[in-house]
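*Asks:* Which chain is which? The protein sequence lines are A and B, in order.
Quick note, the first sequence lines up with residues 1 to 482 if you use our numbering.
Quick note, the second sequence lines up with residues 1 to 202 if you use our numbering.
Rather than coming from a laboratory, the hints here were simulated on the basis of the structure.
Each residue gets a CB set at the ideal place from its N, CA and C atoms; glycine is no exception.
It is possible that part of the hints are untrue.
[What the hints assert, rightly or not] Coverage of chain B stretches by chain A, computed from C-beta distances (three or more under 8 Å per stretch; other residues unrestricted): (1) 54-67; (2) 71-83; (3) 91-98; (4) 115-121; (5) 160-172.
[What the hints assert, rightly or not] Some, not all, of what chain A presents toward chain B, calculated at C-beta under 10 Å: (6) 60; (7) 90; (8) 118; (9) 167; (10) 354.
Take a look at the letters that make up each chain.
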Amino acid sequence: MHSKEYLATSQPSDAYVPGARTAFDKLWDAHRVDDLPDGRTIVFIDRHLVHDLSSPQAFSGLLANQRVVRSPERTYAVADHIVSTAPGRSEETVPGGREMIMALRRNAARYGIRHYGIGDAGQGIVHVTAPDLGLIAPGMTVVCGDSHTCTLGALGAWAWGIGTSEVEHVLATQTLVMHRPRSMRLTLRGRLHAGIGAKDLALHILRRIGVQGAQVGFLELAGRIVADLDMEQRMTLCNLGIECGARTAFAAPDDTTLAYLAARVPDIARNAAALEEFRRMGSDAGARYEIEQSLDIDLDAPQFTWGTNPSQVIGVHEKLPLISEANNDKEQQIMRRSYEYMGLVPGESLHGTSVQRVFIGSCTNGRLSDLERAAAVISGRKVHGGVRALVVPGSQHVKHEAEKKGLHRIFIEAGFEWRESGCSMCVGMNEDRVAAKERCVSTSNRNFEGRQGPGARTHLASPESAAAAAIAGAIIDYRELS
Amino acid sequence: MEPFRTHQGIMLPINQDNVDTDAIAPQRWLITVERKGLGKGLFGSWRYDDKGRDDPTFILNRPEYAGASVIIARSNYGCGSSREHAVWAHLDYGIRAIVAISYGSIFYENCLKNGLLPVTLPEDQVNDLMNHALAADRRTLTVDLATSQLIGPDGTTYSFTMDEGRRQSLLKGEDDIAATLARRDAIDGFEKRHDQAKPWLR
């Protein structure tokens, strides 16, 4: 694969101190309930988020086994995957979808779980709305039946995605059972040039380490570059942790985290004991993870995926990799298949490739600052005649904040559709889909075959890059517009 | 959960790395509140043409693989989305075991919770089985969880390892939730101390 590096283990610059604890050591110890005879540990779950796609079968399982929800007060239900994003929407959506939405509402009511459904100001993509509602704090264990739960590690939580059977397990016991997972720290050194953000960084990391580059249960992202990102950019970065194999991506809490919390959970921000605890949560000086790696970053161009997995990434001005550059037959095969599916030619540049769809939204880039950056690119311009462009705010809260700032007018006047909040065209479960062979620049997180619709061709990119593609009708360097 | 002891069946080769759960269970087959009936969506985007007819070029539709019940896959099988529908689709189709070099971590756990046996073997042994599975005949594999062995179509034996506790659970068809609920007192005690020490996490 193109310039993929497998990194040698690299030790942090501080000297190893015996007994010093990593952030994961602390989180693990703080949530360890008991050990089972088979060697697994019962881990306590502080926060459980459930949604319309992965929970109906878990609730039916509870009922079938005559069990109940142990801790409804630690559980929050949000309808996001299948909901319509059409303006003036109701629970009606694609056939069969209403049943999933109503199942969530009914199950939440039956067990006394706080529910954010259609028409509720707290509705949104679960990983966008939960932090804004103040449901996530540093030091929490947070689980959700959704692989992008790793997003919430940006707040200093241990947050990970689980399957439906584990959802049922948490509903019944408020715990999970597991072996202590492998943990790793990836230290990012160097810098991002002006105008290059967390999405470009995340795609670039995937390009460097690959989709199997961090197959661990816990990944701490460290280094100056991470510390310099604002909270929403950290969420974008952590969101893509699962794409390199990490169940959790974690950023240690710092002043940025505390300022974000102070604006949303003032009670915590006034609690001296909590603040003291948050400040002690990061890895101690001299602590070591089982795996320590570092990457030198000097990123100066917007990044796009070109293929059908999120590590097939290229800078906007670079030439696409030649099949002959692949390391072996197997990788050549993967590249051939990707090129065929994407309708692209090795050796050419993505720059200038025409696009028919643009999607701005998702748990990766559906937050207020993402919409602000996209709006800054399109302000005063018009969407290209050959493009249908969607903006789907990540939550009702984001939508209202954006409308207060007048961002919706910028998008609508340019020719974007301004939608209601939900997962939308990232997961392609509702009516928001890309047609076969249509090319879409998308701020979401997966460019798998068929992810945005059967035969859809997805290029993952930043909000600025997606906005610029809508204006130009083609993939360009958004800085060309300014 | 159904116990898993031994199984003998036809191998279905899925000969590529990083097969994601979007490919295994595409989104349009996820719109359900049931666990059953998902088998028709297994590899739905690869299996049907754009008119919804069986695509005869996809391996699962070839007559010699009719009734296949063991998937031979490569590395990082089941990566991506946490959708447990990917596991239910396998089981509903009739797949009882998978042999691969490695798995997506959430998918692997989902397999264990549902009694779909995920066997891990080194790459050279997977290649060996893949070649048998791709060949015109001799495609039957025996999976014996009680002895942790596979017996290939030519009689070759492959030993595999997995977590012993999980192996026992699969053999007995045990339910993790029941075992955890038996520790209710420990959980209650922990929760009380946890809430006192860190009330802001409530």
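*Asks:* Please check whether the segment 91-98 of chain B has three or more residues whose CB lies within less than 8 Å of a CB on chain A.
*Replies:* With 0 residues closer than 8 Å to chain A, the segment 91-98 of chain B misses the three-residue bar; violated.
*Asks:* Using Cβ atoms only, decide whether residue 60 of chain A comes closer than 10 Å to chain B, and label the hint accordingly.
*Replies:* holds (7 Å)
*Asks:* Under 8 Å between beta-carbons, do enough residues of the segment 54-67 of chain B, three at least, approach chain A for the coverage claim to hold?
*Replies:* Violated, because only 0 residues of the segment 54-67 of chain B bring their Cβ atoms closer than 8 Å to Cβ atoms of chain A.
*Asks:* Is the interface hint satisfied for residue 118 of chain A? The criterion is a beta-carbon contact with chain B at less than 10 Å.
*Replies:* Violated. Min distance 17 Å.
*Asks:* Hold the hint about residue 167 of chain A up to the distance rule: shortest CB distance to chain B must be less than 10 Å.
*Replies:* holds (9 Å)
*Asks:* Hint check: is the beta carbon of residue 90 of chain A less than 10 Å from a beta carbon of chain B?
*Replies:* violated (17 Å)
*Asks:* Given that the segment 115-121 of chain B was listed as covered by chain A, double-check it with a C-beta distance under 8 Å for 3 or more residues.
*Replies:* violated (count 0)
*Asks:* Within the assertion that chain A covers the segment 160-172 of chain B, do at least three residues meet a Cβ-to-Cβ distance smaller than 8 Å?
*Replies:* holds (count 6)
*Asks:* Under the criterion of a CB-CB separation shorter than 10 Å, is residue 354 of chain A in contact with chain B as hinted?
*Replies:* violated (22 Å)
*Asks:* Examine the segment 71-83 of chain B for residues whose CB is less than 8 Å from any CB of chain A, and state whether their number is three or more.
*Replies:* holds (count 7)
Checked against the numbered hints given earlier, this structure breaks hints 1, 3, 4, 7, 8, 10; the rest are met.
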